[in-house]
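Counted from 1, the sequence shown has number 190 at position 188 by the working numbering; the numbering is strictly sequential.
Please keep in mind that the hints were generated in silico from the structure rather than gathered at the bench. Note that the coordinates shown come from a computational prediction; the quantities given were computed from them, not determined experimentally. Take these hints with a grain of salt, some might be off.
Unchecked claim - Here are the simulated lysine to any residue pairs, SDA-like style, with alpha carbons at most 20 angstroms apart:
id : residue 1 : residue 2
1  : 38        : 212
2  : 53        : 24
3  : 61        : 139
4  : 150       : 52
5  : 85        : 152
6  : 38        : 54
7  : 61        : 152
8  : 61        : 50
9  : 228       : 192
10 : 23        : 168
11 : 85        : 38
12 : 228       : 139
13 : 150       : 120
14 : 23        : 152
15 : 195       : 81
16 : 228       : 54
17 : 61        : 81
18 : 77        : 118
19 : 167       : 92
20 : 77        : 109
21 : 150       : 109
22 : 228       : 121
23 : 85        : 106
24 : 143       : 164
25 : 56        : 151
26 : 85        : 139
27 : 56        : 164
28 : 150       : 92
29 : 23        : 107
30 : 23        : 164
31 : 150       : 214
32 : 167       : 9
33 : 23        : 94
34 : 53        : 152
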Amino acid sequence: WPDTWPFTENDLRRQDETNDKNFYSAPRFCYHVDEKAVAALTDYYAAEFPKLVKKEGEKPAILDLCASHVSHFPKDVSDYTGKRVALGMNEEELKDNSQVDEYFVQDLNENPILPFEDNSFDVVTNAVSIDYLNRPLEICKEVARVLKPGGTAMFALSNRCFPSKAIGLWLQTNDLEHVFIVGSYFHYTGMFKPPTAVEVGPNPIWVGGQSQNVAYLSVVRATVDK
Numbered sequence: 003w004p005d006t007w008p009f010t011e012n013d014l015r016r017q018d019e020t021n022d023k024n025f026y027s028a029p030r031f032c033y034h035v036d037e038k039a040v041a042a043l044t045d046y047y048a049a050e051f052p053k054l055v056k057k058e059g060e061k062p063a064i065l066d067l068c069a070s071h072v073s074h075f076p077k078d079v080s081d082y083t084g085k086r087v088a089l090g091m092n093e094e095e096l097k098d099n100s101q102v103d104e105y106f107v108q109d110l111n112e113n114p115i116l117p118f119e120d121n122s123f124d125v126v127t128n129a130v131s132i133d134y135l136n137r138p139l140e141i142c143k144e145v146a147r148v149l150k151p152g153g154t155a156m157f158a159l160s161n162r163c164f165p166s167k168a169i170g171l172w173l174q175t176n177d178l179e180h181v182f183i184v185g186s187y188f189h190y191t192g193m194f195k196p197p198t199a200v201e202v203g204p205n206p207i208w209v210g211g212q213s214q215n216v217a218y219l220s221v222v223r224a225t226v227d228k
């Protein structure tokens, strides 16, 4: 990595800089990626969440950032996790999310400070929305703050987006570069151990750094260093 944060204000600017509350005011009760990609993310969570149970009777607490009407958690998620909280932009969507116990409405581009105490969660997830956040370093520092010691952030990336609301850097780079960009967010906080990434979507097909898979999905994750 370069020694210092390499991204400029222009890198994080979006085509549409109007108030995000207007863009997200109408609920969207749909998936924003291919259904096979959604299923792959759910399978990933099903395999990884149980590993985070530290001892019997101590189930991991999960925060889902940029959430909507579904968090893509497994159906049996309550069997092996504790408190599950969603934070997103549209209250109608969040009210419909039966996979969480509690929700908060907040625009992270306007206010990146998470409304939680230090060391509140074992896992922080973000499904295919990191590309819309124009204050990623501040937000990832907040993710580190609210994670308990040894806690993990899991950010899922796809090859789809609302172009007008994605940061310029995202639109100018390919799928492989997106993995490194998100990994760099964790790195430059100085608060995480080295990030890792895995492609979880079915049947990977690549040309150069660009996935040709309509169900492409990767997860970049990092464990907090505290």
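Cross-check of the supplied hints:
no., hint, in the structure
1, 38 - 212, "holds, 18 angstroms"
2, 53 - 24, "violated, 39 angstroms"
3, 61 - 139, "violated, 29 angstroms"
4, 150 - 52, "holds, 16 angstroms"
5, 85 - 152, "holds, 17 angstroms"
6, 38 - 54, "violated, 25 angstroms"
7, 61 - 152, "holds, 14 angstroms"
8, 61 - 50, "holds, 13 angstroms"
9, 228 - 192, "holds, 11 angstroms"
10, 23 - 168, "holds, 15 angstroms"
11, 85 - 38, "violated, 27 angstroms"
12, 228 - 139, "holds, 18 angstroms"
13, 150 - 120, "holds, 8 angstroms"
14, 23 - 152, "violated, 34 angstroms"
15, 195 - 81, "violated, 29 angstroms"
16, 228 - 54, "holds, 16 angstroms"
17, 61 - 81, "holds, 9 angstroms"
18, 77 - 118, "violated, 26 angstroms"
19, 167 - 92, "holds, 16 angstroms"
20, 77 - 109, "violated, 28 angstroms"
21, 150 - 109, "violated, 23 angstroms"
22, 228 - 121, "holds, 10 angstroms"
23, 85 - 106, "holds, 14 angstroms"
24, 143 - 164, "violated, 25 angstroms"
25, 56 - 151, "holds, 12 angstroms"
26, 85 - 139, "violated, 26 angstroms"
27, 56 - 164, "violated, 38 angstroms"
28, 150 - 92, "violated, 27 angstroms"
29, 23 - 107, "holds, 10 angstroms"
30, 23 - 164, "holds, 15 angstroms"
31, 150 - 214, "violated, 37 angstroms"
32, 167 - 9, "holds, 18 angstroms"
33, 23 - 94, "holds, 13 angstroms"
34, 53 - 152, "holds, 12 angstroms"
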